[in-house]
Every structure is written in structure tokens, then in C-alpha cells.
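Asker: Given next are the chains, with one letter for each unit.
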Amino acid sequence: MDKHLSQSEFYILLSLAIKERHGYEIMKQVKEDSSQKVILGPGTLYGSIKRMLEGSFIKETPGDNPRRKYYTLTEKGRKYLSSELQRYNDAVELAKRKKLFKELGLAKFAL
Amino acid sequence: MSKESLQRSENIYSFILKFYPKSYQEHFGEEMKFVFSESLKDANTEKGGVVDFWIRTIIDSGKSIIKENLENRKGGEKMKNKNIARPLVATLAILSVPFLAMLISIDGFAWSLFDFMLMGTLIFGTGLAVEVANMKIKNKNHMIVAVAAIVLALLVVWVHLAVGIVDTWPLVGS
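Heads up: the protein sequence lines correspond to chains L and F, in order.
1 is the number of the first residue of the first sequence in my numbering; add one for each residue after it.
1001 is the number of the first residue of the second sequence in my numbering; add one for each residue after it.
Only chain F is shown next, with the shape it has when bound in the complex (with noise of 0.2 Å):
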């Protein structure tokens, strides 16, 4: 992996670590970065390789960010139960499309249970992502950036899913 791709996965993944608790942040955010990095380089001569390693990654980092602003008690805004019904009714709402299409047999849908529990599992992170920024971002242009990358985010890693995207994958380096 070259110098530049790995400088790129960690201003991406110091990126995802602002919607970390302030506190937590403080407390552990080098630490974390360092971690990430050596995990990278393994993850480049390991079967699977980088693309596994970012797939896990966001996951993780879904998870404890969600996580973390529940439990950060301290000051700051916590997360309200609309914060979670509104992704939750969304992820409902987008997986009803190939649901019903299924239903009514329309051709190029074929999705098994593991299918629509990847994409809810997708979606409905990447809504709290979207939630949590709202809450945690002032700047609406801030706001608004941060908002399109994490939708971003998700649609490379569901192309990804759907076709394969591993030999133009940027962050591999050519």
C-alpha cells in the first residue's frame, strides 16, 4: 500500500472519528488512529484484504459511535428515540422497495434474507450516522458535507456489494 493511500484512510478514518463523544475523543482518538493504521497494513497482505478491512471497519465504527453518544451523559446533547425511529422508519420504508417488488414478481429482484438484512443493517447505520451529524455538526455547509459523505460511504460499499469495485477501489492505490 502506497504512503498516499494510507495517509487517505487515515484523514478518512479521523474523519469518522468526530462523531465520537468530544471527551472520548480526547481520551482516545490518537490511540485509536494508531490502531487503525497498523490494522491497515495487515489487512493489506491478509486474504480479503482492505476492502474487508474498511467493510469492517465502518461497521465497528457505526456501532460505537452510536454506542458512545448514548452512554456520554456528560454535557451535550443525547440521543432522543426520534433520532432512532426516523432512520429505523426510512430503512423500512427504501428496503419495502424490493419487498414489493419481489411480491409482484417483477424481474431483477431477487433478494434473499441475508440480502435485506445487509442493506437494513447499511441503511439504518448510515441513518444514524446522518442523525448523529445533525446533532453534533453547527455549520449547516459543515453539516451538509459531512451528510453527503457518509451517503456516499454507503453507496461505494453497496456498489461494491452489488458488482465488485475492488480493482478500481481508490484507496488500493493502482
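Pulled out of the complex, with its shape left as it was, chain L reads as follows (with noise of 0.2 Å):
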């Protein structure tokens, strides 16, 4: 598969790389992960999860609390996490060569 992940399911992936987390963690660990600039409401949250589970890229740990589920990253989500950090590496080391951060403006990423 060569599907591209959404910004929230990104997000929600690399919240889960570390550790497992429950929705409401999930949540917030996204919002700092992002700056502030990606803030999941339960709708998009759970929708993304939801497609997740369903793509196997995460799976719900057993918990006893309904309110609280916890979530982790499968070895596909861990690979497919991977393989879009490396896009993104590649994408970034490309821009640097090219010197296209300081022709766009962004002379603060030119390192």
C-alpha cells in the first residue's frame, strides 16, 4: 500500500511511538507535538482511530476502563510511521541541497 497519511493520522501515530496512550492523550500529546497547530476534537480523533484500527496500523490494548482505551502502534503502523519520517527526511535534505529554504524565505531552516 502507498497511502499517504493525514495530518491527524500522522500526528496520532508519532504520539503513539513511544508509548501507549488513551484517546484524551492522545489529544493532548498531538496539540504540543504540532505547536498547537493541530487540535483533534473527539470527531476527528476517534474517526482517525477508527480508520487506524481498521488499517491495523494501531490496536486497542485490554483495559477495563471504557472511557479510557488505550491505543498502540502495530509493527505495520511502526513501519508505515517510519517510512513517512524518512519521506519527510528526504523531502527536507532535498530542499537543503537545493537551497530552497533560503530562495522560499525560510533562511532559519537553512542549516
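Be careful, since some hints might not be right.
[Stated by the list, open to error] Between beta-carbon pairs, the in silico distance windows are:
#, chain 1, residue 1, chain 2, residue 2, range
1, L, SER56, F, SER1014, 23 to 33 Å
2, F, TRP1111, L, LYS19, 44 to 54 Å
3, L, LEU104, F, LYS1003, 29 to 39 Å
4, F, LEU1161, L, ARG51, 28 to 38 Å
5, L, ARG51, F, ASN1044, 25 to 35 Å
6, L, GLU84, F, SER1002, 37 to 47 Å
7, F, LYS1033, L, ARG51, 33 to 43 Å
8, F, ILE1055, L, LYS19, 30 to 40 Å
Hints in this document: simulated from the structure, not taken from any laboratory.
All C-beta atoms, glycine included, are put in the ideal place defined by N, C-alpha and C.
Build the complex: two chains, separate frames, hints provided.
Answerer: Printed below as a string of C-alpha cells:
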């Protein structure tokens, strides 16, 4: 499969990269990781979670509290996140080689 | 925020959740209520506060309700083109009033492009919510109450955007 993640899905996977989290923790982590540019409401959050469960990128871990179910990356989700991060990294490296940051007025990224 | 205000808000959100497909409600409903409650408590201490939170929640819920119902292929009714066309036509008809008023230079109408986009989104979202209510709620009296609540929500948001009613907003308590 060669589908790219939506921005919400990417940040959700990123939030689960280090440890399992429940929905509210995912929402808070996404907000922090995106410097408050991505704020997920419950509708968007759980719609994305539903689609990623269906795609086997994440899975639920067993728990007792129905209001706080925990989610974790599957191996497929981990590989998918890695490939997306590699894709972004390749794009940044290309931009640096072509000196595009300076060209586009983003000198602070031109390390 | 008082316990009563929080409970009222949770009750309203529980009502909104009824517009999602049943299987979706069963799987994610309790979690969504938890995230809503915790986010509402956070919003109470943030800039923009509870009113901004509710506007974001209504928009988020409206978009995801439509998306989840469209994606729901297991039993139940699916949205047809007419369910989208009717609210769209109604939105264009309603927005034509201020547009024509501006064209013939009636005082009091000075809407920007942003105003048209914002009100268009609110009216269209309301129309879609009414269509979903009509599909989902079989009891006629319940449906009437649901539609009245949806239209009231639109009017409250509209009035707040027009004149600001934060001080008298019932959900934040006194």
C-alpha cells in the first residue's frame, strides 16, 4: 500500500511511537507535538482512530475502563510511521541541497 | 466551571453523539464523552474559553458525523445525493438575501467574504444535521425536538457571533 497519512493520522501515530496512550492523552500529545497547530476534537480523533484500527496501524490494548481505552502501534504502524518520517526527511534534505529554504525565504531552516 | 454546567454540557454532547452510526457510538461513545469532558475543563482555563471550545466542537462534530454516516456501509440508511443537495440549495438561497441586499446597497449589510464563508458553513452544517436527524430518528415528535435543538444551536452561535453573549452564556454558569 502506498497511501500517505492525513496530518491528523500522522500526528496520532507519532504520539504512539514511544508509548501506548488513551484518546485524551493522544489529543494532548498531538497538540503539543504540532505546537498547537493541530487540535483534534473527539470527532476527528476517533474517526482517525477507527480508520487506523481498520487498517491495522494501531491496536487497542485490553483495559477495564471503557472511557479510557489504550492504543498502541502495531508493527505495520511502526513501519508506516518510519517510512513517512523518512519521506519528510528526504524532502528536507533535497530542499537543503537545492538551497530552497533560502530561495523561499525560510533562512532559519537552512542549517 | 460548576458541576451543574459541566453535567449540562455533557448531556448536550451525549445528544450530539446520537447522530453517529450506532456501531460507532457503541465502540467510541464513552471515550468521546471522556475526551469532551476533559477538553471542556481545559478550555475553561484557556484563552477563548468555553465559547470557542463549543464552536470548535460543533464544527468538529458536524464534519465527523457526516463523514462517519457516509462511510457506514453496514446496514442502516446511507446518505444520498438529495440529502446533501437540499441543504446546499437552502444555504445558497439564504445567503442570496444578504448578497442581493449588498448589491442594491441596503444599509446594514456589509458582509465580507469571510462572513459569507462562515455563515455558509454554519447553515450548511445545520442543514446536514437536520437531514441526518430525519434519517435516523423514526419517532416524529423526537425528530421535531431534535430539529428544533439543531436550529436553536445555530441561532445561538449566530447571535453570539453577531453581538457576543459570553456574559449570559448559560453553559459557563454565573
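Asker: Output the numbers, in ascending order, of every earlier hint that fails for this structure.
Answerer: 3, 7
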